[in-house]
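These are the residues of each chain, in order.
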Amino acid sequence: MRVRIVAVLAYACAAVTLVVAACVPFVLMGVFTRTVAHAGLHVDAAYTGGTVARTLARNGYQVVVYQPFQPHALQQVDPFVQIAFKPVAALPDHVTEEIDLDGDGQADVRVSFHVPADRHARPAGSVVALNGKYASFTMPGDSSFSRLMVQSDDAVVVRVPLNGAQRR
Amino acid sequence: MSIPIERMVSGDTPFCYMVIPMLIVPAALTRAVIFPGSILPTANNPHSIAVMIGIWLAMTLVVGKAWCSYICFFGGIEEGFAAIPKRAKIRRLDPRLRLIPWAILLFVVVLSGALFEPVYCMWLCPFKAVTEYPAVHSVETAIQMGIFISLFAGLVVALPFLTKKRTQCAYFCPFGAFQSLFNKINLFEIRFDREKCVDCTLCQTSCPTMALSAESIREGRTLMNCMKCGACVDSCKKDAVWHLKGTKVALQPERARLLFLYGAWAMATMFGGSILANSLATMLHWLPWK
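Those protein sequences? They're chains A and B, same order as listed.
My numbering applies: residue 1 is where the first sequence begins, and numbers increase by one.
My numbering applies: residue 169 is where the second sequence begins, and numbers increase by one.
Same shape as in the complex, but just chain A (with noise of 0.2 Å):
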């Protein structure tokens, strides 16, 4: 008897996996797609630049400046701060800003910048560090996570490094 129970409960589980295959593309994808994404997930910092400290509005664009990142323990990024200016469409065609990166008043960095016709081309130009607490780089140039000059969507992306001695 318990071995009909068994294989009556064993070849109905069976045939509920035949009904889930079947509501996964209709519904079933969207439930498991919502509960992951209400998990409290975030992409990574070093992708996605982190959160945004504060944004200065400009003659019809903005600069959005981010919390400066800082590694785990061992992860092999270098910390950076990163700056958005966006729209790409509202930009002149030369930008120059001196920026202040960690709201004191003070002016921290000169980002200037080219901003190409093809929104796939990198941008030229440079950041000049105007303290010790960041590093200075030109572009076209070698291009990491911690030190890059790109558009990305609808924003030219700048993340500036942070000398050694700002690491946590």
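One or more hints might be untrue.
[What the hints assert, rightly or not] Covered stretches of chain A, going by a simulated chain B footprint (3 or more residues, C-beta under 8 Å): (1) 6-16; (2) 94-101.
[As the list claims (entries may be wrong)] Looking from chain A toward chain B, a few residues come up when the C-beta cut is under 10 Å (computed): (3) A22; (4) V24; (5) V77; (6) K133; (7) F137.
[Unchecked claim] Here are the in silico distance ranges between beta carbons for each label pair: (8) B:R260 x A:D154: 52 to 62 Å; (9) A:A7 x B:H453: 46 to 56 Å; (10) A:R4 x B:E422: 17 to 27 Å; (11) B:S447 x A:A7: 35 to 45 Å; (12) B:D361 x A:Q76: 52 to 62 Å; (13) B:F350 x A:V27: 13 to 23 Å.
Rather than coming from a laboratory, the hints here were simulated on the basis of the structure.
Beta carbons: idealized from backbone N, C-alpha and C, even for Gly.
Once you've looked at the hints, dock chain B against the given chain A.
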């Protein structure tokens, strides 16, 4: 084609299921996903992290490790190479090699947790040689590319050709090892009716991932890494059968087989169909006269 850093920064990188085991430790510690992409789908990235993990969860519940035989398109590449020769040139493979995927799984999970980067994707994935390979612009990227090409040539092309087995799946893939864990909770399995078995080992020879041993056949079972492809059932002249856990062996095996196959095929066509549709859309987008 390599993924440019712009796409990684903007969250447009499509999610790869191979990275799932490596996400566990960093996500448990900080809730951070150590893969470029977006959690929710966007116009530029329908294969977002939540969507792909959702699909993987649903499919794993239904088919367990059969993901590897019915859904994984990477495994399909080596299965293609294994199908070319009529006979295997290498017939004896050390069964201890089956432990390597577990070692690699442990290695990449621990190291990814420590370094906060998907170590397997960055250094070991053979399929990077033919998918999102890195642009070689430094010694480091040259070494990465060398590793990807060597692993692809050896494990996905040469060894499957010589052995007629899915050698990358059997001896290397950490995601396959991870999926094996779900065989423990999945309802479907393959069993051998010991009363009818004549120990001809045809099933063992036909298994593409070496998921059968003499001992397991004596016990009437497959090993934990069985991907439920059904090759052993097809090759068996006696009674290798589809089976539902908890039931008597060879009780309605045809019904069990159909219940499994309908689910597996539903999953395979859904997953494969969406990828094919996206691939076609991408190709059409790049047509010169468009």
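A quick look at each hint next to the structure:
1. Note: the stretch 6-16 of chain A has 8 residues with beta-carbon separation from chain B under 8 Å; the three-residue rule is met and the coverage holds.
2. Using a Cβ-Cβ cut-off of 8 Å, 0 residues of the stretch 94-101 of chain A lie near chain B, which falls short of the minimum of three, so the contact claim is violated.
3. A hinted interface residue such as A22 of chain A counts as satisfied when its beta carbon comes closer than 10 Å to some beta carbon of chain B; here the least separation is about 6 Å, so the hint holds.
4. Checking V24 of chain A against chain B: minimum C-beta separation of about 5 Å stays under 10 Å; hint holds.
5. Residue-level restraint check for V77 of chain A holds (minimum Cβ-Cβ distance to chain B is 8 Å; threshold 10 Å).
6. For K133 of chain A, the suggested interface contact is broken, since its CB lies about 23 Å from the closest CB of chain B, more than 10 Å.
7. Proximity of F137 of chain A to chain B is violated relative to the hint, the smallest CB-CB distance being about 14 Å (cut-off 10 Å).
8. At about 59 Å, the CB distance of R260 of chain B to D154 of chain A agrees with the hint of 52 to 62 Å.
9. Our hint of 46 to 56 Å for A7 of chain A and H453 of chain B holds, since their Cβ atoms are close to 52 Å apart.
10. A hinted range of 17 to 27 Å for the beta carbons of R4 of chain A and E422 of chain B is consistent with their spacing of about 19 Å.
11. With their beta carbons about 43 Å apart, S447 of chain B and A7 of chain A fall inside the hinted range of 35 to 45 Å.
12. Distance hint for D361 of chain B and Q76 of chain A: a CB-CB separation of about 54 Å, consistent with the stated range 52 to 62 Å.
13. For F350 of chain B and V27 of chain A, the hinted distance range of 13 to 23 Å is satisfied, since their beta carbons lie about 22 Å from each other.
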